[in-house]
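Visitor: Chains as they are written, first to last, in the numbering used here: chain R, 10 to 107; chain Y, -1 to 230.
Derived from the structure by calculation, the hints contain no laboratory data. Where is the CB? At the ideal position from N, CA and C, for every residue including glycine. A couple of the hints might just be wrong.
[What the hints assert, rightly or not] Just a sample of chain Y residues kept apart from chain R, beta carbon distances all over 12 Å, derived:
#1 Gly0
#2 Pro35
#3 Thr54
#4 Val56
#5 Leu87
#6 Ala112
#7 Leu114
#8 Gly137
#9 Ala139
#10 Ile149
[Stated by the list, open to error] Derived pair list, reagent style DSSO-like, types lysine-lysine, alpha-carbon separation capped at 30 Å:
#11 Y:Lys134 - Y:Lys65
#12 Y:Lys134 - Y:Lys95
#13 Y:Lys65 - Y:Lys11
#14 R:Lys80 - R:Lys13
#15 R:Lys105 - R:Lys13
#16 Y:Lys65 - Y:Lys214
#17 Y:Lys65 - Y:Lys186
#18 R:Lys13 - Y:Lys65
#19 Y:Lys66 - R:Lys13
#20 Y:Lys184 - Y:Lys11
#21 Y:Lys11 - Y:Lys66
#22 R:Lys80 - Y:Lys184
#23 Y:Lys184 - Y:Lys95
#24 Y:Lys134 - Y:Lys186
#25 R:Lys105 - Y:Lys186
#26 R:Lys80 - R:Lys105
#27 R:Lys105 - Y:Lys66
#28 Y:Lys134 - R:Lys80
#29 Y:Lys66 - Y:Lys214
#30 R:Lys105 - Y:Lys95
#31 Y:Lys134 - Y:Lys11
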Amino acid sequence: MNEKLLQIIIDVADELNGDLDATIPVDRREEAPLYGPQGVLTSLGLVSLVVGVEQAIAQEFGISVTLADEKAVSHTRSPFRTIGTLAEYADGLIQKAN
Amino acid sequence: MGSPVTLITGTRKGIGRYLAEYYVNRAHSVIGCSRSPIDWELANYDHHIADVSDETAVKRIFLDIRKKFGRLDNLINNAGIASMNHVLLTPLSSVHKVLDTNVVGTFLFCREAAKLMQRRRYGRIVNFVSVATPLKLEGEALYAASKAAIITLTQVLARELAEFGITVNAVGPTPIETDLIRGVPKEKLDRLLERQAVPRYGTLEDIANVIDFYLKQESEFITGQTLFLGGV
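Pulled out of the complex, with its shape left as it was, chain R reads as follows (with noise of 0.2 Å):
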């Protein structure tokens, strides 16, 4: 698990508990589910999550990825479930990137 973008991912999440009615437990860390049957996020929020990733990752690492692409959306199992599935998904984007 790359530990510098979870904490970015728990970071976003954080600062978007402020704005958001539901509240992401971002104490659990990997295990803190985000969207999808056991989420806490509406679709709304999802989008502000995504984006507020998106933005933190250009600005921790200089790279532009899109999180939501196609793969992203067809995959079956979601990597939008947890933070940690959200991280795993992010960190295949930006070693392809690199």
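Guided by the hints, dock chain Y onto chain R, whose structure is given.
Guide: What follows is chain Y alone, placed relative to chain R:
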């Protein structure tokens, strides 16, 4: 809130260049782009060389805006190309070129701009459409259809982005004397002007006037609209 940060596409010449100068003169920080280099410069204006349908190049522009300004207030999607041909004489390459620049380009800039604007819960997006769509101009099937797509894009994005405090509107100029209509026969243009309520060529000032209205902070309740000039 500091001087507004305004991004305008297609600023090398014509309407785009005029708008770049116009908003710099109104104390905006202006960022522009075009496919080929510009032969002019301006204080408080940054230029990027980019094809508006190239996702990587577009993302690079937004990365730069984020680094330099940390925000974006206004996006003016001016870049566009026309293709004037009878449908039976229109090559497929023209179809791709027109759709890429007009539809894909507008879409990409709207998407990336909204990502930057949503954090501050504020943004103004203005798209360019054309009277060619409501007038159903013969010989411009492709161009008119691409602009029809932008009208629909404008209407749907207005709804999707309202929650973020972002308005999305469109302006539809009549013919004005720029490169886009060079090569159109005079009789055809005269016939076109006759179909307007006010039968004259549009001016750059006419267009800026509409954009000013959309960009105003007070226009937060105006979104999803398309305004055609000349009474079309």
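Visitor: Each hint needs a verdict: does it hold in this structure or not?
Guide: Hint-by-hint comparison with the structure:
no. : hint                : verdict
1   : Gly0                : holds (20 Å)
2   : Pro35               : holds (23 Å)
3   : Thr54               : violated (7 Å)
4   : Val56               : violated (9 Å)
5   : Leu87               : holds (35 Å)
6   : Ala112              : violated (8 Å)
7   : Leu114              : violated (8 Å)
8   : Gly137              : holds (36 Å)
9   : Ala139              : holds (30 Å)
10  : Ile149              : holds (24 Å)
11  : Y:Lys134 - Y:Lys65  : violated (43 Å)
12  : Y:Lys134 - Y:Lys95  : holds (20 Å)
13  : Y:Lys65 - Y:Lys11   : holds (27 Å)
14  : R:Lys80 - R:Lys13   : holds (24 Å)
15  : R:Lys105 - R:Lys13  : holds (17 Å)
16  : Y:Lys65 - Y:Lys214  : holds (25 Å)
17  : Y:Lys65 - Y:Lys186  : violated (47 Å)
18  : R:Lys13 - Y:Lys65   : holds (21 Å)
19  : Y:Lys66 - R:Lys13   : holds (24 Å)
20  : Y:Lys184 - Y:Lys11  : holds (22 Å)
21  : Y:Lys11 - Y:Lys66   : holds (25 Å)
22  : R:Lys80 - Y:Lys184  : violated (51 Å)
23  : Y:Lys184 - Y:Lys95  : holds (26 Å)
24  : Y:Lys134 - Y:Lys186 : holds (13 Å)
25  : R:Lys105 - Y:Lys186 : violated (53 Å)
26  : R:Lys80 - R:Lys105  : holds (14 Å)
27  : R:Lys105 - Y:Lys66  : holds (27 Å)
28  : Y:Lys134 - R:Lys80  : violated (39 Å)
29  : Y:Lys66 - Y:Lys214  : holds (23 Å)
30  : R:Lys105 - Y:Lys95  : holds (29 Å)
31  : Y:Lys134 - Y:Lys11  : holds (27 Å)
The structure shown violates the earlier hints numbered 3, 4, 6, 7, 11, 17, 22, 25, 28.
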